[in-house]
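**Student:** The residues making up each chain are set out below.
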Amino acid sequence: MRRLGGVGIAAFDRQQLSQRSFAELSSELSQAQVDALHAQLDQFRNALVRFASTHRDSIRRDPTFRHAFQQMCAQIGVDPLAGPRKGGWWAEILNLGDWQYELGVQVVDVCVSTRERNGGLIAMDELVRLVSKLRGLAGGIVTEEDVIRSIKTLKPLGAGYEVIDVGGGKRMVRSIPKQLDEDQAVVLAIAHQAGGRVSVELLQSRRGWSLERATTALENMLLRDGICWLDDQDETNGIAYWIPSAMHWDE
Amino acid sequence: MGGGQSVPKITKQDRAILELKLQRDKVKQYQKKIQTVLDREHEIAKQCLATGQKDRALLALRRRKYQESLLSKTDGQLENLEQLVSTIEFSLVEVSVLHGLQQGNEVLKEIHKELNIENVERILDETAEAREVQREIGDMLANTLSMEDEEAVQAELRELQSEALGVGETERPITLPSVPETTPVSKAQEAVEEQPERARVPVAA
Amino acid sequence: MSLSPHTTPSGFRLPSIHAAPPFFTQQPNPATQAVATEQWSRLILSYAKHRNLFTIKVEDAQTTGGDWDEILRNDRINRKLNTSYLAYILEQMERSCRLAFDPPKQSISAVLYWRTPEEWAEVLHEWATSTGQLNTILTFYEIIEPPVPSPLSGVPMSILRRAINLLIKSNRAQLIAVADGEGVRFLNGSTSK
Chain Z
1 MRRLGGVGIA AFDRQQLSQR SFAELSSELS QAQVDALHAQ LDQFRNALVR
51 FASTHRDSIR RDPTFRHAFQ QMCAQIGVDP LAGPRKGGWW AEILNLGDWQ
101 YELGVQVVDV CVSTRERNGG LIAMDELVRL VSKLRGLAGG IVTEEDVIRS
151 IKTLKPLGAG YEVIDVGGGK RMVRSIPKQL DEDQAVVLAI AHQAGGRVSV
201 ELLQSRRGWS LERATTALEN MLLRDGICWL DDQDETNGIA YWIPSAMHWD
251 E
Chain H
1 MGGGQSVPKI TKQDRAILEL KLQRDKVKQY QKKIQTVLDR EHEIAKQCLA
51 TGQKDRALLA LRRRKYQESL LSKTDGQLEN LEQLVSTIEF SLVEVSVLHG
101 LQQGNEVLKE IHKELNIENV ERILDETAEA REVQREIGDM LANTLSMEDE
151 EAVQAELREL QSEALGVGET ERPITLPSVP ETTPVSKAQE AVEEQPERAR
201 VPVAA
Chain R
1 MSLSPHTTPS GFRLPSIHAA PPFFTQQPNP ATQAVATEQW SRLILSYAKH
51 RNLFTIKVED AQTTGGDWDE ILRNDRINRK LNTSYLAYIL EQMERSCRLA
101 FDPPKQSISA VLYWRTPEEW AEVLHEWATS TGQLNTILTF YEIIEPPVPS
151 PLSGVPMSIL RRAINLLIKS NRAQLIAVAD GEGVRFLNGS TSK
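Protein chains in written order, with UniProt numbering: chain Z, 1 to 251; chain H, 1 to 205; chain R, 1 to 193.
Derived from the structure by calculation, the hints contain no laboratory data.
Please note that the accuracy of each hint is not assured.
Partner residues are not named here, just some residues of chain R that face chain H (Cβ under 7 Å, in silico) [said to hold, decoys possible]:
no., residue
1, PHE101
2, THR129
3, GLN133
4, LEU134
5, ILE144
6, ILE176
7, ASP180
8, GLY181
9, GLY183
Derived DEER-like restraints, expressed as beta-carbon distance ranges [as the list claims (entries may be wrong)]:
no., chain 1, residue 1, chain 2, residue 2, range
10, H, VAL7, R, GLU122, 47 to 53 Å
11, R, PHE12, H, LEU84, 40 to 46 Å
12, R, CYS97, H, VAL93, 29 to 35 Å
13, R, ASP180, Z, GLU235, 24 to 30 Å
14, R, CYS97, Z, LEU134, 30 to 36 Å
15, Z, THR236, R, LYS49, 56 to 62 Å
16, Z, GLU102, R, PHE12, 45 to 51 Å
17, R, THR55, H, TYR30, 35 to 41 Å
18, R, CYS97, Z, MET72, 22 to 28 Å
Backbone N, C-alpha and C fix where the C-beta goes; we use that ideal spot for every residue, glycine too.
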């Protein structure tokens, strides 16, 4: 609550600077204004706190309720899930920041532990599935949207996590800070259709790419980015490339 | 080797046992080798027979027979060695048992020193005497009471008995209701009067 | 296609990555290869433990009908490890102390450490205790070739030696040497128990 003063006092400071150059009388006036603002803010905050703490469990457990709450907050320009850096009191009172960070940590956990086989690229539904598994039943339901929000909260940390749309309603999360070019996105989409396997010949026939273009895209993904694995015993083409994040893994 | 104090010394017997066991292992290994040769010769004989080389098959079988005789010889040797090893190991056990018995014997002797017959007899005598004295005291107490004393004791006993049993009996007659003096009519009226009152209470509640 | 674990005829559960075709190719990307190496190392050790196998040779990758067929090849997806890749994996495993080339100074045949020498030392002492062979003089041969199968049946001599040396350090074994060879005597040891 102490930290809340930040916004108000900053505004107050600015105002006061300009007021001081006019007259002391007007400064009194502005003081009254600021006080009123403070009181309003307090009231609003208390109401919000009351609401949020009454419904805390629902917010944490029920994804639709959480969604509605977040939308409400967004409309009034408050981000309840912003971390301690911004709306610290939110995090303290609601533990919601913690919830989001906890989810963030779990997202990182899954991304890092699967990175070894997928090169840092994971399908969104797979990520949600693994995170849910990690949280167990008691953790409540987690949606793709929650994961996306968590990834956003991770941004200030410079983790470089990013959500990519690969088309066909499929989203993937990339946990290594490398840029995917357009061709690679195409390769990803094709791999998804083909159970993870792509080859130069496949790209040539499906997309009409030149040999050079297909080879470059694949070699970049293989050598530079480590997103795919090489298979030199392929029956049809001799050499094939496999994208683990597009393969279906039964554990 | 550091801390040699907790490691037992290697005795001549230890070395002898080890040598025997090593010999035994060698025989075992040798047997294993012969066994593989036997199997091989058998295989060769079979192959030769299949290709019609009867002579060579016979040769292989002869060699096999010879190896077999070696094997049975080594069996005997192995048995001897193993028996020897077990005998020595068993003797060592016997030695340690003997050692244990000896120590037990010493302890037993020490204990027996404490437990000599004279001591036991003396203690038994002393206990018998003490018991006799006890009995005499009891007798004396019983005989010294006069008739009066006895009666007084009996009276005290009766009193104690009646106290224990009779407290309730003596008091109950007092609490019994006295003979009715009023007419029974008034009692009935009282009861009638009381009843509606009692009835009213639950209604009110 | 779906990658799922598979149970081999010998009852070993292969991880799902074993059904991934590229798993049998050496990876040009070093980070990816590090992952593959780790997976292979774990797979080889756990399979060795499952089958009680102690040695692996580079040539096991090309022989059929050998002990290692179930993991070095996957006929369901028609893939197999080639010898140069297996040689690479073995070298990496040697670096992480998960095997030792035996005999030393070559790199085609190795002894696998699916138990560390420390763990083997414990197994050895436990075996001697539970079979009532403390304070008895034993030859190395009768430990690794016991008439009754034991957890130590078939343990390579190099592992046995290392385990015994560890026990000697903690006063739980004593080495006895005679002209013909060596023997060992296991002792109760001065551990807190």
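**Student:** Against the earlier hints, flag every one the structure doesn't satisfy and list their numbers going up.
**Tutor:** 1, 2, 3, 4, 5, 10, 12, 13, 15, 16, 17, 18
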